[in-house]
Each structure stands twice: as structure tokens, then as C-alpha cells.
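Undergrad: Chain by chain, the residues:
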Amino acid sequence: MTLFNLKGMSDFSEELIRPTTEDEQGEPRAPSGTGMCFPWLQKHIETIATGGKQEKDFAQTTSACLSLIQEALLKHQWQRAAEYMHSYFQILEDSDSNKRQIAPEIIWRLGSEILYYHPKSSVETFNTFADRMKNIGVMNYLKISLQHALYLLHHGMLEDANRNLSQAETWRYGEKSSSQEVLINLIQAYKGLLQYYIWSKKKMELSQLDEDDYAYNTASQNMLNHSWKTSINLCALIQIPGVWDPFVKSYVEMLEFYGDQDGAREVLTNYAYDEKFPSNPNAHIYLYNFLKREKAPREKLISVLKILYQIVPSHKLMLEFHRLLRKSENEEHHKLGLEVLFGVLDFAGCTKNITAWKYLAKYLRQTLMGRHLAWVQEEWNSRKNWWPSFHFSYFRAKSDWKEDKALACEKALVAGLLLGKGCRYFRNISKQDHQVLKKKIKQIKKSVKKYSIVNPGL
Amino acid sequence: MDLEEAKEFKDRCSQCAAVSWGLTDEGKYYCTSCHNVTERSREVINTGAIPNTKIQAINRGLKRKRKLEKGWDWYVCEGFQHILYQQAKALQTLGVGPELKNEVLHNFWKRYLQKSKQAYCKNPVYTSRRKTTVLEDNPSHSDWDSEPELLSDLSCPSFVESGAESQPDVHTQKPFPIIKASQSETASVCSGSLDGVEYSLRKEKGIVKMTVPRTLAFCYLSLLWQRETITLADLLRFVEEEHIPYINAFQHFPEEMKLYGRDKGIFAIESWPNYEDIYKKVIEVATVLDLPRFPDITEDCYLHPNILCMKYLMEVNLPDEMHDLTCHVVKVTGMGEVDFLTFDPIAKKAKAVKYDVQAVAVIVVVLKLLFLLDDNLEWSLSNIAEKYNEKNEEDKPWFDFRKWYQVMKKAVDEKKQKWEEARAKYLWKSEKPLYHSAIDRSVVYKRREMVVSLQKQFSTLVGSTPTVEKQSPSSFQFSWTEEGGDRPCFHGHSLQGVLKQKGQSLMTKNSLYWLSTQKFCKRIKTSLLHEEVSLIEKRLFKAKYSTTKKKSSRSRKARKC
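As they're listed, the protein sequences go chains A and B.
Quick note: the first sequence uses the working numbering, first residue 1, plus one each step.
Quick note: the second sequence uses the working numbering, first residue 1001, plus one each step.
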């Protein structure tokens, strides 16, 4: 919407009477500065731009109808939406061929939404509707088939979904455009996923059978067949850049089950590292977990998690990452270990994570003991302005002690080390009198006295 | 394939050796026993004494695209005649007298046909056209000169009711033989009517081509001639409420009048009629038809501002007492004069009076006189009225502008919302779809089938809410009764609060007035009402107007009324 700079109504009427040469293009003037928005005015301006020629009332009807449908959907008024939808169908007969072309997709999206939620609708109604819409024009067939299948999956009708996907899979029309190719691969992939699901069920059944059981072999053979079919269907899609988490996971599980470690590794490495693929933290997590299962060397694990650290520094795997770094012999890694801990605790979601605080407390002490004051200072420099009120406020001290005394103690140590024994948090906790934690508090006081970075003696 | 025996062809068939030939549509010989089509086509040997029917048959055989659907032959203006007939009948149902249909409209239409040389004249357009076209394969037909007779009412229902219902049995007679000689042969350009293609291409100066909106112009002219109690705004509203056929009026054509191809562009419209557009067409048609001065609009006519003002005052729930003031304004501005009001197409600058808009404009002017409407005085006057009414509940209440505004706005908003919803849900396409050509016929039918089945499916979901009954036609859109509640009636309220005694007569308490914008920016479309109000004000303050500067976009002047 165009903003208009209105200084006052009188000025406005002046603007209107100004000679037409200025606005010959018919473009609404873009103002600077503050402006007021007048939607009704926009419509008038548009009529000027088109030389006063207004759209036919048919077009007005359909666009008004569309807004009413959308409004009804937003308000969950399914019956009302169906009522307007009834009138909206006439857009399929619009004399404007452009509108006719885009109509089926709009109708499908709105109609499927209505049929999904409407109390009187049923799976049959949905099926009839989907079958009709698939066959209007050729470009919608695959997309609608896929969405139809997902709908059936949603309702637990796996066989029907499978049938649907199989039918869609064989669709061809002249020269496939590249967008259709992705859809076909997606359809195959979902089919693969369904087969994976069946395979998975069979696996469970198999695990309950004895190896000597006469049924074992057949069952196991059966499973193998399914897995082969699945892999055919899935591997095509995985080659295409995209986010395919559930497909990848299933595929890898199957590969691992049949001992194809190399295959699995290849798929996961590709998924995580291929530059064409969008950045996806899950890809790295899958790879990491796989390598862990394989008992890969620490260096390797660290290199994988390093990337995850860069993408999602607040991930819970970061604590595991820290442990790996701590155990490493490389001093760079030790430094990074400290960095990672601080990074995790930057996030609001981790402020009450006792493990994180425990690690930080211990490691901070360790680092300071190891005379790496510079590392600590480097980390603390960017945080000293906001961590105190973020983590170590007086309010926090009270509430943490109330909620989780162990947590409070760990935090107190960190606070003391970083802010000195005079800081509120430390003082508050150290004052507390508690039977069980008495000893611990004493230890904390001692550490702070000895190692705090604020300590002039250090 | 036409099963025409072609006895002159004596060769043996290359496939089955029989000698038994027929003629295909394209004029090629084919074997009637094995249906083998040859490349030989029949030649016309002598053109001398070939009777008309034979010419027709030959013509049919030679390179003629078969008509898509069998039916009668009809001309475009017959179609319009049918529509006018339907509209006239509808008006009659609404209460208009039968003379409108039988005489007035009929005569206007005949006159139109004469003026446009389509019928009722010496050399109707069709013959002359045929004479000049050069036919592709049959130069011998170019001097065919049988004239069509008068385009009589035989092919469509008669305007005049002759006792019993005039029904299709009259239609089997055709007054003149039809030969589609000059029809363009390409598949994409065709029409159900005989002259559809040519009609849409016709561009002649000085004559207006009949269109569906123009049918309303004809209706209105007839209504005006008869001085019926239907204004142009009413007419258009009835059209939108579907009491008068307009959109898809062609659906009521007789079965055998087939419509397709170019007819679609002529008869299938997808917009509601627009007041200003129809108004212009009214003047245009009246001028082209050379109509004389219309019957006088006198003080007892419905269309006279005094009566229309009363009607609108009632409808808009304003006090009856305002009527005196409206009459006064009408008198002072001379708007009640017969000459001002009567439509005279022959006059130098033919203008028609927008009776409805004008009456409402008078009311607006009176409201401005009483309440100034500067977003200030009307509210203070309302406060006074409210106080008075609270104290004196027994007396006739003083008219409270604010209260009226709230009541009226609510009613108008409700109506407007319903109207918008009805417009959004309106189904434009006819049940039987119209197609452009043979190629797109099946596509169009298929689409319609799809739409109908989708609609059927969703109509079951719409549920048990009763469909809104089509409202019965009424002159009044709002009605108010004396029972109070949340829809109070202001008709009986008094204007005492805003008038004061001055000697023998009453004067408005308000002594100010502001004039609306005079000069309109060329590209901004002003509302009709605004224009009319300005025109009235111009007349009202004529003397003082000529002394004011005209350059200013808005002048606020204190005037003693």
C-alpha cells in the first residue's frame, strides 16, 4: 500500500488539482517521511493509473469471494467457507486465461483445507475432491497426488496412501519440467518411507522370532526385499539438494542394519558436507551419532561437532562436545572447550542447566589453576557487561537457592571466580546456612579466594 | 457426411469396385459401400436455371463448414428483441402498465430498426451486404437478389399480446430464404446467429450498435415516456436483484436459437450496469432515434422532485417536516419547472435529469441548511434536542441528528454488508456454457461439468442454513415503523429545535452555509451525488456566485440564507 504524505486536507486538494504532467506515468507518488495510509484511496489511485478502466464485475466477484473464503478459514468458520467456495468455483470458467490457469491450485489449497476440518467432511469426500482436482490441467497432478497421500497417511490409511503414490509415480507428460522431476522424486521417496515403515515393523516382528524358527528365513527374506525397494526409492531423492531428514534417517538405519557401514557413512557425509545442500544442523547430528556408534577417533568426532557448534552453539550436544575437547591433548581444544561452555550459557534456554554450570565451574577453576588467565579474560570481556544481570542478579540468587541449591552453588562459584567475592550472588549464597552443603560452600569460598580473576593477589 | 447421391460420377471405386457415390461435406465423392473417400470433387457445371433450393444444396456441399448445432437461423437484433421483450414482461410483473410493452417500447424498437436499416425499410442492410461480398467458389451467386422481407415479429415472440399466448408455432415460417454465403470459413470465427461475426465487426458512424446495456436504455426511455414510478436507480437495482432479466438473459431464448462463437461477446456480459453509463446511453439512444419532446413532468408526477423528495425522506427516516423545506428549495432554484424537468432530446443540449440523484441532492442541501454539517453544529444542535427530549417526554420529540445518524448508519451498514456478500457470491456463468468455436466446445462443456460437480459436492457441506429468500421487489429499500425499540422512526419528529420564528415565517437557526468543491480534477471520479449537490447550490446561490472567485478549490463563505 502506498503511503501518502498528508499535511492537511487543504493541501491534499491542492495536490489533486496540480497539473497532470507531474504524474504522467500514473504512478502513485511515493512520499518521504511520515505518511498516513488510506486503503480506499489506493483503489481510486489505481483507477487513475489504468485510465479509469475498471475490472469487470466478474473479476470483482471472484476476488471479493476469495477474501471472504480466506477470512472464514482464519476464523475457522468451515460452513461459511464452504458456502463461499461454492461460488468461487466459477473462476475455473473465467474468460481471463491467466486466472483460469492459476485457479486449480488456489481451489485445491482452500478446498482441501476446508475438507480437512469441516465436521461433515469425510475421507471419501476428500478423495473425490482430490481426484477431481488432480485432473484439471496437467501441472497439478503430482502435487495434489502427493498432498492427497499425506492426507491419507495422516488418517492412518497406509495402504491407500501407498496405492496413491504408486499411481502418481508412473505419471508422465511430455517433457518433464525440472520442477516436476523433484515432485516425482519426492513421491518416490514417500513411497520409500512407507516401505521403510513396513520394514521396520517386520524388523520388530523378526526380533521376536527365534533364529531357528522356520518362519525366520522367510521373514528375513521378506524384509530384505522391502529394504531393497526402499533404497531404490529413497536414494534418488537424497541426491538432490534439500532437507530430507526423515528419509535420510530411515535409509541409514537400513544400511546399518545390513552392515553397509561405508554406504551409510557416505550418505551421511554427503548430506552434511555437500555445499549444495542447505545448512542443516540435523545432518551433522546424524553424522556424529553414526560416528560415535562406529567408535570413530576423537579427532574426527571433534571436527564434526565443531561445525555444529558454529551453526547451533546452544545445542545440548555442546556439553558432550566440551567433554571431548577437555579430554583432548590439544591445547587449542582446551581453549575451545572453555569457549563452548560460555557459548552454551549465553542462551536463555540453558540458564538453569546444572550440568553446564557444573562443567563451567569446574573448568574455570581448572583453567585458572593452569594459569590460562588470558583465555578467561578473553571470554569474559564480551560478557562482563551483561552476564551479571543476566545470571547473577540478586533476584536470581534468591530464586536459584530456592529452586535448586546445587545449581546455586555451582553458579556461586562461577560468579565468585569472575566477579570476585564481593558480588551479590556469591555473597548471598555463601551466607546461606545449610547442613548438607556447608562443606561445599566452604570449598567454594576457598576457591574464589584463591583463583578469582578479580583478586589483586593473582 | 451427407448422404447425397452423386449420380453423375461413374467411375469404379478403387477399393471395392462398386459404382455408388455420395458427396461429403467438403464436396468430395465417396463410395457408399466401402466409404472410401476420393480426392475428386464435384464441379458445378451450369449455373443457368438452377433453382434456389439446388443452389442451397450445392452451397452446402461445397466447402461449407457445417453449422455446429442445428437450429433456427436468427439475426442478432432478433436476439435483442427477445431480451427487450423479456424485460418488458418483467416490468409488467412489477406493476408497470401494459402499454409500455405493447406500444411504447415496441415503437421505440421499431424506430431503432428503421434508423439502423436493419428492417422496416427499403433496403435492409443484409441485402446490400450480400451484394458486395465476393464469394469464394461461386461467383454465380453474387447477383442473388431476393430481399429479405420486413424483419417481422414472426421469429420471436410478438410484443403485442394477441389474446392467447403467442407461442412458437408461428416460428416455423421463415419469411425469407437464408443462404450463408458470406460466412467466413475459418473454424475460429463463427456464431450461432447468422450475422454474429459481422455484427461484432461492424463499425458505422452515426448509428449505435445494440448492446445489452443499451436494452436498459430502451427500457428507461419507455418508462420515462410513460412517466412510470420507476427511476433509473430503481431500474438498475431491480436488474441487480434479478427481477429484470439482464445477465444471461439469453438463457431464456427459445431452444432452437443457438448461441455460440461471436454471440458470446454480444450477449454474455459480466458486469452490472452502471448508472452513469446507462444515463449516457439513454441520451445517446434518444438522440439517435430522433425522439420528440417527452411527455411533461408536472407536479403530480412521481418523478417531480417534490414527490421524490417525500419518498426519499420517508425512506431515509427523516422528519416529514423537512418536506416543506425541500419544496421551498425546489421552488427557489426553479427545479420544479416543467421545462426543466422534461426530457427533450431535440433541444440544443440534450440533457436528461437524474431525477433520483437530484431529489437526494435537494435533501442534502436542506440538511446543510438546517445543520450546516461542518462536523460541529449538527452535534451541538443534537445535544440541545436530546436535552429537550429528556425533559419533555410527553411532547412531540425534537429531531435529534445524532440519534438519527446512528440508527441510519447501522441500517445502511447492515444492508451494505449483505449487498457485498451477495455480490461476492453471485454466479455469473450460464448453466449452458457458451463456446467460441468447435475446437473449444468440448473443453467448455467439460469445464462446466467440473464446476457443477464441485459445486454439488460442496453444497452438501454448506449445511442446513436456509438459503436467503430472494427478496420481493420493492420500491423502498428501508422501511420504518412507529414502534420504537432499536429502530425508531423519525418521521413524526419536529424540527422545532432548529427553526426559529421570524415574524410570520420560520427561519433556520443556522445562518451559515458552505459550498462544495466546484472545480473537479479531471482524473478523479466524483460521486454523482456530489456533482448534483454542487449544481443545486450553484442555482441556489446564483447571484452571489457570480461575484465569487472561481479559482479556489473550496470556498467557505458565510451566507445568510
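Mixed in with the good hints there might be a few duds.
[Stated by the list, open to error] Listed next, the in silico DSS-like pairs over lysine-lysine satisfying Cα-Cα at most 25 angstroms (straight line):
{"no.": "1", "chain 1": "B", "residue 1": "1432", "chain 2": "A", "residue 2": "56"}
{"no.": "2", "chain 1": "A", "residue 1": "75", "chain 2": "B", "residue 2": "1425"}
{"no.": "3", "chain 1": "A", "residue 1": "99", "chain 2": "B", "residue 2": "1446"}
{"no.": "4", "chain 1": "B", "residue 1": "1425", "chain 2": "A", "residue 2": "120"}
{"no.": "5", "chain 1": "A", "residue 1": "439", "chain 2": "A", "residue 2": "402"}
{"no.": "6", "chain 1": "B", "residue 1": "1280", "chain 2": "A", "residue 2": "56"}
{"no.": "7", "chain 1": "B", "residue 1": "1509", "chain 2": "B", "residue 2": "1456"}
{"no.": "8", "chain 1": "B", "residue 1": "1117", "chain 2": "A", "residue 2": "99"}
{"no.": "9", "chain 1": "A", "residue 1": "75", "chain 2": "B", "residue 2": "1415"}
{"no.": "10", "chain 1": "B", "residue 1": "1425", "chain 2": "A", "residue 2": "56"}
{"no.": "11", "chain 1": "A", "residue 1": "56", "chain 2": "B", "residue 2": "1415"}
{"no.": "12", "chain 1": "A", "residue 1": "75", "chain 2": "B", "residue 2": "1416"}
{"no.": "13", "chain 1": "A", "residue 1": "56", "chain 2": "B", "residue 2": "1542"}
{"no.": "14", "chain 1": "B", "residue 1": "1416", "chain 2": "B", "residue 2": "1456"}
{"no.": "15", "chain 1": "A", "residue 1": "202", "chain 2": "A", "residue 2": "229"}
{"no.": "16", "chain 1": "A", "residue 1": "75", "chain 2": "B", "residue 2": "1280"}
{"no.": "17", "chain 1": "A", "residue 1": "431", "chain 2": "A", "residue 2": "445"}
{"no.": "18", "chain 1": "A", "residue 1": "56", "chain 2": "B", "residue 2": "1416"}
{"no.": "19", "chain 1": "A", "residue 1": "56", "chain 2": "B", "residue 2": "1538"}
{"no.": "20", "chain 1": "A", "residue 1": "405", "chain 2": "A", "residue 2": "358"}
Simulated from the structure, these hints should not be mistaken for laboratory data.
Undergrad: Quick check: which numbered hints come out false for this structure?
TA: Violated hints (numbers, rising): 7, 8, 13, 14, 16, 19; every other hint is consistent with the structure.
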